Each structure stands twice: as C-alpha cells, then as structure tokens.
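Peer 1: Sequences are here, hints too, so could you generate the full structure?
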Amino acid sequence: MPMPMPMPPDAAPRQLTEDVHVFDAPFSLFGIPVGGRMTVLRLPDGGLWVHSPVAFTPERRAAVAALGPVRFLVAPNLFHHLHLPDWAAAFPDARVVAPKGLRAKQPALRIDLELEDLPDPAWAPVLDQMNVRGMPQLNEFLFFHRPSRTALVTDLAFHYAHSEGFKLRAYLWLDGVLGRFAAPRFLRLFTKDPEAVRASLQRALKWDVERVVVCHGQVLEHGGQKALHDAFSRL
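Sequence positions in the sequence shown follow the numbering used here and run -1 to 233.
Accuracy of the hints is not assured; some may be wrong.
[What the hints assert, rightly or not] Label-pair distances were calculated between CB atoms; the ranges are: (1) Pro105 x Lys204: 33 to 39 angstroms; (2) Lys165 x Leu203: 22 to 28 angstroms; (3) Gln200 x Arg147: 36 to 42 angstroms.
[As the list claims (entries may be wrong)] Heads up, simulated DSBU-like pairs for lysine-lysine below, C-alpha to C-alpha not over 35 angstroms straight-line: (4) Lys103 x Lys165; (5) Lys190 x Lys103; (6) Lys190 x Lys165; (7) Lys190 x Lys98; (8) Lys224 x Lys190; (9) Lys103 x Lys204; (10) Lys98 x Lys165.
Because the hints were derived from the structure by calculation, they are not lab data.
Given the structure is predicted, the values throughout are model-derived calculations rather than measurements.
Note that the Cβ used here is the ideal one computed from N, Cα and C, for glycine as well.
Peer 2: Okay, structure coming up:
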C-alpha cells in the first residue's frame, strides 16, 4: 500500500483551542514578506467559519475539509479578499461574507452576505463583531470568539515580537510596529474620521479578550485586552 504524501508544513493547521485553528502562509506586500494568517472557527453546529482566506492550495483545502464542513468564507475588510474566489470555487456550498463596498470594488466576486453591525444569527451564539467606522477605504470588521476569548484583527494591528530579514525589519521599524503589538502608521492614510474610529473601537475594548489572532505577525496568546487598548490608543 502506498504511503500518504506528507503535508507541506505551511498547509497544516495549528490548533489554538478545540474550536480555533490557524493556517500561516507566505504573503508579500510590495516585495516585503509580511506573512498572512487564516483563522478557522468551528461553530456550534460543527460547521466552519473561515476568516481571511490565505492562498489556496489543494493541501490547504484538504486540511480545512478535514476539520469540518465549510459554512462561511469571510473577507474581514476591503483588502483581504484576494484568495476568496479560489476558496469559493472549492467550497461552492459555503456562503461568501464581506463588508459593504466589496461588491463595487470586485464585481466579479460572488458575495452572498454583507457584514452588518450585529453578527449573523448563524454565528451570533459564539461570535461578536464590530465595524470600525471612519476608515471607509478599509472598512474593517473586528471579531471576538467568546468561548475562547479570542479576538481576530486583520490590518488594525500587527504583532511582530520577532522578525527576520532586512526588508521586513526595515518596514516594521518605519511603520512603528517592530518588536511589539501595535497599530501600523499606514492606517493614518485610511483614516477619514478619527473620532468615528475611536468611538467604534470602544465597543471592542470592552470585550474580555485574552488571545489576539492577527493576520500579520505572531499570535498574541495572553494579555489581549490591554494589548488592544494600547495599540488602538494610537488611532
């Protein structure tokens, strides 16, 4: 009997809790290897809620399918949608979820459900969410998985406690996030109404967060509530 082929390291999920898995993947921004992360949450019915899909590969598809049936594929802001078409094609029964404005930006992308201020009833039992207003070109949603006390942050904060490579370190230094959990300076380019941004974030700062999963950098396992407060105080 032939032996199964080993799964590539970056195709294997990393389990944070029973219902929270992450997939780390290479991703470059203007030639800078910032890395990317997809988070897969298991809903009470056993279905999967997939946040910020990374580059699609057959190996990653198989790893996700092994966790359960995919119910939702979620673009958390107007930039983290690049790989949604491939994942939507691979899981045609999953609903594609995105913020308002993505239909206009990507008319060819199938979008089944637009994010609102309140979570959809399908994930409301375990997930809270809030829209960060005042940044219409980014239009990011933050999410909070209550059972695991895990917040999901896309581009509003990075966490590079350690980093390798001159390009990445230089970029992180210029953006003010080298060696710490922080909001990158580039967000100022997207901020049209600072008061609306700060008012929106007050709700997220009330969440009882312990862990923060960022899309760029390392997962912050402890002290999430204070880390978010300190990072968002820069916005």
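Peer 1: Given the proposed pairing of Lys103 with Lys204, does the C-alpha separation stay at or below 35 angstroms?
Peer 2: 32 angstroms, holds
Peer 1: Holds or violated: the 36 to 42 angstroms window for the beta-carbon distance between Gln200 and Arg147?
Peer 2: Given range 36 to 42 angstroms: violated, Cβ gap about 19 angstroms.
Peer 1: Is the straight-line distance between the alpha-carbon of Lys190 and that of Lys98 35 angstroms or less?
Peer 2: Holds, because 17 angstroms separates the two Cα atoms, which is no more than 35 angstroms.
Peer 1: Looking only at beta-carbon atoms, does the pair Lys165, Leu203 fall within the given range of 22 to 28 angstroms?
Peer 2: 33 angstroms, violated
Peer 1: Are Lys190 and Lys165 close enough, with their CA atoms no more than 35 angstroms apart?
Peer 2: Roughly 29 angstroms separates the two Cα atoms, so the pair holds.
Peer 1: Is the hinted pair Lys190 and Lys103 satisfied, with a Cα-Cα distance of at most 35 angstroms?
Peer 2: Cα-Cα ~19 angstroms, so holds.
Peer 1: Is the distance from the Cβ of Pro105 to the Cβ of Lys204 consistent with 33 to 39 angstroms?
Peer 2: 37 angstroms, holds
Peer 1: Hinted pair, alpha-carbon criterion (35 angstroms max): Lys224, Lys190. Please report holds or violated.
Peer 2: 26 angstroms, holds
Peer 1: Given the hinted pair Lys98 and Lys165, is their Cα-Cα distance within 35 angstroms?
Peer 2: Holds - the C-alpha atoms of Lys165 and Lys98 are around 34 angstroms apart, at most 35 angstroms.
Peer 1: Lys103 and Lys165 were given as a pair; does the straight-line alpha-carbon distance stay at or below 35 angstroms?
Peer 2: 30 angstroms, holds
Checked against the numbered hints above, the structure breaks hints 2, 3 and satisfies the rest.
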